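Chains as they are written, first to last, in my numbering: chain A, 1 to 312; chain B, 1 to 265.
You may find that some hints are simply not true.
Some residues of chain A that are not near chain B, with every Cβ distance over 10 Å (derived) [what the hints assert, rightly or not]:
#	residue
1	R88
2	D125
3	N192
4	L234
5	H249
Chain A regions said to be covered by chain B (calculated; three or more residues, Cβ under 8 Å) [said to hold, decoys possible]:
#	stretch
6	72-78
7	92-100
Think of the hints as simulated: they come from the structure by calculation, not from any bench.
Bear in mind that the values here come from a model prediction, so they are computed numbers and not experimental data.
Note that beta-carbon positions come from the ideal geometry of N, C-alpha and C, so glycine has one too.
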Amino acid sequence: MIIKVQDLRKEFNGTTALDGISFRVKTGEVFGLLGPNGAGKTTTVKIMSTMLLPDEGIVEIGGYDVLRRPQKVRAMVDIITARDKFYRRLTAYQNMSFFSRLYGVENWKDKMEDYGERLGLEKKDYEKRLADYSTGMRQKLNLVRNLIRDTPILFLDEPTLGLDPVSSRKFRSLLKDIMDREEKTVIFTSHNMFEVEELCERIAILNKGRITSVGEPRELKKRIFPKRLVEFTLAKEDVLNLRDNAIDHIEKKGNKVRVYLEDGDRIHEVIEKIVNNVRVSDLSVKEPTLEEAFIRHTEEDERDQEEATSWM
Amino acid sequence: MDVKEYFTVLWAFVVRDWQRRWSYKLNFIAMLLYPIVWVSVFGVLGRTIDDAGGTGAPGGFSMYMVTGIITWRFIRVGFFDSSWSIRWEQHIGTFKNIYMLPNHLMIPVSATALSGFTVSMLNFVEMWLVAELVFGISLNMTVPSFLFLVLAWLSVIGFGFAIAGVAILYKEIQAVFTVIFFSFQFFCGVFFPVEALPSAAQYISRAIPITYALNGIRTSITHGYIPTTDLIVMPVAGLIGLAIGLITLQLCLKKALRDGKLERY
Chain A
1 MIIKVQDLRK EFNGTTALDG ISFRVKTGEV FGLLGPNGAG KTTTVKIMST
51 MLLPDEGIVE IGGYDVLRRP QKVRAMVDII TARDKFYRRL TAYQNMSFFS
101 RLYGVENWKD KMEDYGERLG LEKKDYEKRL ADYSTGMRQK LNLVRNLIRD
151 TPILFLDEPT LGLDPVSSRK FRSLLKDIMD REEKTVIFTS HNMFEVEELC
201 ERIAILNKGR ITSVGEPREL KKRIFPKRLV EFTLAKEDVL NLRDNAIDHI
251 EKKGNKVRVY LEDGDRIHEV IEKIVNNVRV SDLSVKEPTL EEAFIRHTEE
301 DERDQEEATS WM
Chain B
1 MDVKEYFTVL WAFVVRDWQR RWSYKLNFIA MLLYPIVWVS VFGVLGRTID
51 DAGGTGAPGG FSMYMVTGII TWRFIRVGFF DSSWSIRWEQ HIGTFKNIYM
101 LPNHLMIPVS ATALSGFTVS MLNFVEMWLV AELVFGISLN MTVPSFLFLV
151 LAWLSVIGFG FAIAGVAILY KEIQAVFTVI FFSFQFFCGV FFPVEALPSA
201 AQYISRAIPI TYALNGIRTS ITHGYIPTTD LIVMPVAGLI GLAIGLITLQ
251 LCLKKALRDG KLERY
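Same shape as in the complex, but just chain B (with noise of 0.2 Å):
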């Protein structure tokens, strides 16, 4: 399969996903709604935290909350939409017609994340607009600040590989990622600081690549760069998530092959 075929299919894919979501008029109106209640309700609370005082955070905290919704709300979506991929296609009984096209089982996988990461780019600009015209929030998203928010996007892919695979044999596995994947929510720094954490959990703080994300993207808003650490950190661990990702993907695969479960739901 050349690159203009890959991108073919891929993009067969994203059409797909939008019909679909069209078809479920109330959610597609629900679906564009949610960030713009999300960026309110946060940038409401950051508000008021500043007016009782701030927490000294550069730009306010209401900046705090914006930019880190909005970076979560990246992840999220790559993680999310990439391992539950081939479990959604296996509940729909469509999957034996995708697995049987001669191209390799990451396609629907990233196709899949490539879909979500349209609706994630649509929500950042409403939630981009919202900020900036309800709350006077200035997000300085320079070029480099961008790239490095879909390179925090990109690094959780590989994790959504590996658990899209795991899916396959074990249906349940999925919600137990989600536990897991939501307490990074408090790890990593989405809604409040990391140094705000009592120190034994910042050492876990400090062992997951989101923090960095997280760091990396406030720093280049409100600072104008992206911290070194945060450069190098972001990466590898994406690279080392899509290494362990395609091995988890394809051991499993196999695995599903031998027993017989590749298709069954």
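For reference, chain A alone in the conformation it holds in the complex (with noise of 0.2 Å):
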């Protein structure tokens, strides 16, 4: 394990920012911290590079512990934040140049030529200031100073948050093709779940400083929200007739039939019913989005502390 949270905890002014949270990383595992704003994912990448002292808990990355040996631990991490900034005046080798010196990178044009290349940069952008440079741009250019810094860990705290659409999902398949290639291990931190959805291996359900859920993405939505959905259209002089235990609920408007599956494993018993019970066209499956899962499960969560305190 390259990183091992344990139990941490963290307050300001009173407010509990994170309840005793515990999660373990593989080496070059994308693991993502999911959860609404306010929920800690900060906080948590905050401890794990050192930028803030935890009230309790255990916290090491790479065997060091994050209070006893800080410096060790900088040196194998880096963060991308959307909130990253360099030197607006400096042109963009400039700030290259300065930030290869202070991490001691050799050849730092040559690599920084290379990566910027393949995330879409030219070579003459390199020469202007970045005053004159687009959130998109900028934010390739955070991601080409980490990879020339080549650290074994690298924390992305919501990392497309202010990017239009189109940039988001170029970055994230810029990020994609990075995480697959340079054997990184990977924190995520977002509250966009089809971002995490697409790039992380596992996912931690943060709510209110506590991780409800620890899983892989199609685990998790499986495990809290069991559902599946068939979805069909009727012929318009048929009836549906559907009685089985693996049917949670059916919706119908006009001839478009929603089948509700509580039992998902069921799914194929359940259509070979509708296929011989009725004439049907445009018949799919569908299975939960992880918005549909973390809503759900973030509803869930919030309900049971409230019937909790209200013991109290």
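Need the complex rebuilt from these two chains, each delivered in its own frame; the hints are there to steer you.
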């Protein structure tokens, strides 16, 4: 395990930001921290990157305790956020020259041009001042800065915040490409389910400073929201008369039918019953999105917490 | 981090700062003109007072004024650049990237002070030339007197470290220290002799190390030696200042890490 977080707690002026979270991340794994605003994602990342001291708990990065060996930890990690800045009055070359000297990187120019090309930056862009860069270009250069530094662990704290949907999609695709090639351990935080589902191998759902669920996106969806959905168009003259324990409920709108299954494992049996029973067209099976699962899970968690508090 | 790496990093900051200064062309020109105007104003003022009978200052009052403003320039830059360094990076938004280095936080502070020193050196040469060529003031800058000037610069950096640390937590604190620091011009004999102050104020003057820096430089230029008191006071004050600065910086950093104020501006 390259990252170990155990019973981590943090309060700010009496408000609990983290309430005893624990998780572990394997070397080379892309791990997502998913949660609404204020869930504790950034606080967790800041503690892991030695930018914030925890109140209680253990955090080890690459075997080093963040409290006892912060310098060793900082040498292993880098963070990318949407808030990252460069010196606006300097060109990209000048900025990168400065940061490369700080990080002790040799041949920084070759590396910058190589990574930049892969990310869609052109050589002429490097002569421009950062003040003339778009948000998307700046974020690409930010990624180049990290890749040049080449730390084994990378924290991506809502890196697409503020990017438009097209830039955001491009950025995700670049990240995916980099993650596939570079063998980095990545912690990715976001409140965007789609991003997390697309990029992460495992996810921890954070809500109000607690981890409420951990697992692979598919497994998590199934666990939290086991319903699956069969959609089809019913022939006009046919009447649907379907009964099965696996069915949760059926929705009908004109001749469009939606069958929600409580037990997703028996989907094939139900589809067989449907096609034997009536004439259908445009039949498709849909899985709940992580977003649906997340919203449902967060609502349930908040309801549980409220009930627990009402007993006190 | 070995010595070579340390100086590579320091040099990176110096280069970055010069690139940034050069990117503001008009400011760059103003930076070059400012000491010329400054030394001219005080050169004329000193000469006027000398022509009117003088003050009895060794080498004349114009010499007194010029050595005062040259020394003050080094001290001011040493103090302000180091105290401003962290706050500036926080303001720009680049502090996180510098903090994420495995190096100690004193690097950006000392590097910014060093960068300011290079500007002071350039300004010093300009002022020296104007004083010599325009006003005929001969500054006999020997190696020991120049080293003493560097020592004066070093002696205030420690206090700059302290302010840099406090400014992480309390952003407005620098304005308070600016007022206090500029009051030193009044107490320390930058523009007029300490002896011209009321006797109670002279006690305050003697408690501020800058008074000894100015006296040491002036005596070394006019009489060719540095008084023993000044030679003892300056390094001791510098070391005490550095110790206070480093301890304050560490304490403030720890509090900022606990309160989550490190990245925030």
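Against the structure, the hints:
1. R88: Contrary to the label, R88 of chain A does not stay out of reach of chain B, its closest Cβ about 8 Å off (not over 10 Å).
2. D125: 17 Å, holds
3. N192: N192 of chain A clear of chain B: closest Cβ-Cβ about 22 Å, beyond 10 Å.
4. L234: 57 Å, holds
5. H249: Non-interface label stands for H249 of chain A: nearest chain B Cβ at 47 Å, farther than 10 Å.
6. 72-78: holds (count 5)
7. 92-100: Since three or more residues must qualify, the claim that chain B covers the stretch 92-100 of chain A holds, with 4 doing so at under 8 Å.
When each numbered hint is compared with the structure, a violation occurs for hint 1 only.
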